[in-house]
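J.: As a plain string of letters, each chain reads:
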Amino acid sequence: MKQALTHDHYIPADWRDFWALTKPRVMSLVVFTALCGLLAAPGNIHPVIGFTAILCIALGAGASGALNQWYEADLDAKMKRTEKRPLPDGRMEKQSALHFGVGLAAFSILIMAVAVNYLSAAILAFSIFFYAVVYTVWLKRSTPQNIVIGGAAGAFPPLIGWAAVSGDVTIMPILLFAIIFLWTPPHFWALALFMKSDYGNAGVPMLPVVAGRRTTRNQIFYYTFPMILAALAPFILGYAGILYGITAAVLNAIFLIFAAQVWRNESDDIATMKPEKRLFAFSILYLFILFGVLAADNMLSFAKVAYL
Amino acid sequence: MSDDPNSIKASASDKKPAPIIDGEAKIIGRFNAEQSQQIRERQKARSNMMGIILMSLCVLFFAITIVKIGVWG
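Taken in order, these protein sequences are the chains called A and B.
Residues in the first sequence are numbered from 186 upward in steps of one, following this note's numbering.
Residues in the second sequence are numbered from 5 upward in steps of one, following this note's numbering.
Since the hints were derived computationally from the structure, they do not count as laboratory data.
Check before you lean on any hint, since a few could be wrong.
[Said to hold, decoys possible] A few chain B residues that face chain A, going by a derived Cβ cut-off under 10 Å, partial list only:
1. A37
2. Q39
3. Q42
4. I43
5. R46
6. Q47
7. R50
8. N52
9. L58
10. L64
11. F65
12. A67
13. I70
14. K72
15. I73
Built from N, CA and C at the ideal position, the CB exists for glycine as well.
Construct the entire structure; sequences and hints are all you get.
T.: Here's what the structure looks like:
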């Protein structure tokens with residue numbers, strides 16, 4: 186990490202640095218899955234309240250990102266992927282990131298409670314706590330299972346979106362939670378396989394660093410099966426229509442093929458880790474399409490009922 | 005005394021920029037024109053952004069209030 190004595194460190198941080206603290210790319214996936222949870226939920230929500238719920242979820246995710254970067258500034262400085270973030274690059278005071286994160290978290294929870302409902306505010310508060318404290322402070326540096334348990338933090342948004350509309354939590358939002366929860370290990374371990382040296386240098390006990398690439402590839406393949414089961418469950422249990430069923434079947438078949446290619450790959454050379462890179466890229470697309478189709482399917486069924 | 009970061013001479017030379025402690029709040033020393041300009045630009049950009057955010061929140065809170073009291077059904 187750069188020393189605080191450099192001149193640039195003391196120039197007031199640019200607003201873009203605060204924006205970067207919120208991890209905008211992660212936030213986009215959070216907003217999308219939350220929106221899909223909101224659209225898939227039964228019942229109506231006023232567009233203004235719906236917008237407020239999504240905004241609060243986005244702000245909560247941003248707060249989690251800021252608190253994560255505040256706590257992990259030393260780790261980020263050791264990894265090429267993260268060394269240009271505002272804190273390790275010396276563009277911002279560490280305390281500013283902490284104040285920004287705490288303020289944003291409190292603001293998002295408060296507005297959610299006042300404008301939407303207490304249940305969604307409580308889940309939002311728990312998800313911020315889970316990501317910032319349970320995952321970042323406790324799990325990440327202590328166990329190779331960090332992202333398995335920590336994955337729960339990223340699985341909350343559709344649950345919050347659902348709770349914002351219906352005011353309760355039923356089997357369907359728990360399935361949405363399970364899909365993201367079980368999707369997280371293959372997604373992150375695929376990344377960790379070709380970023381192993383980065384994590385190793387930073388001393389983060391990611392599975393490839395601790396248990397090796399073979400074990401990680403096995404785990405990616407094994408986790409794919411419960412993930413597929415969770416992804417097909419909404420159709421099997423009758424919570425989603427044929428459009429979702431067909432799309433989920435196709436997406437999961439592709440995911441399984443890519444996961445099998447990773448499983449069969451024996452390479453330790455990052456240059457020949459195309460299957461891992463392919464799986465990582467596809468896993469993002471997978472989640473976007475799966476949740477997008479789930480929301481579309483639900484809206485189509487509503488339209489059908491209204492037409493009849 | 006040209007090494008003294010607080011001296012006008014040192015600040016003007018731009019060889020060793022004067023330290024500023026903790027953002028705008030506790031500025032010590034002097035700045036050269038370029039540094040002052042950069043700080044002003046940052047402050048202006050942050051103020052503009054804060055203004056936009058506050059205005060947006062005013063509109064949002066107004067809309068939430070209207071919805072909550074049931075005017076829009």
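J.: If a hint holds in the structure, say so; if it does not, say that too.
T.: Hint check results:
1. A37: 14 Å, violated
2. Q39: 8 Å, holds
3. Q42: 6 Å, holds
4. I43: 6 Å, holds
5. R46: Holds, because the Cβ-Cβ distance from R46(B) to chain A comes to roughly 5 Å (cut-off 10 Å).
6. Q47: Result: holds, 6 Å to nearest chain A Cβ.
7. R50: 5 Å, holds
8. N52: 8 Å, holds
9. L58: 12 Å, violated
10. L64: 7 Å, holds
11. F65: 8 Å, holds
12. A67: Where the cut-off is 10 Å and the nearest Cβ of chain A is about 5 Å from A67(B), the hint holds.
13. I70: 8 Å, holds
14. K72: Since the shortest Cβ distance to chain A is 8 Å, the answer is holds.
15. I73: Result: violated, 12 Å to nearest chain A Cβ.
Violated hints, listed in ascending order, are 1, 9 and 15; each of the other numbered hints is respected by the structure.
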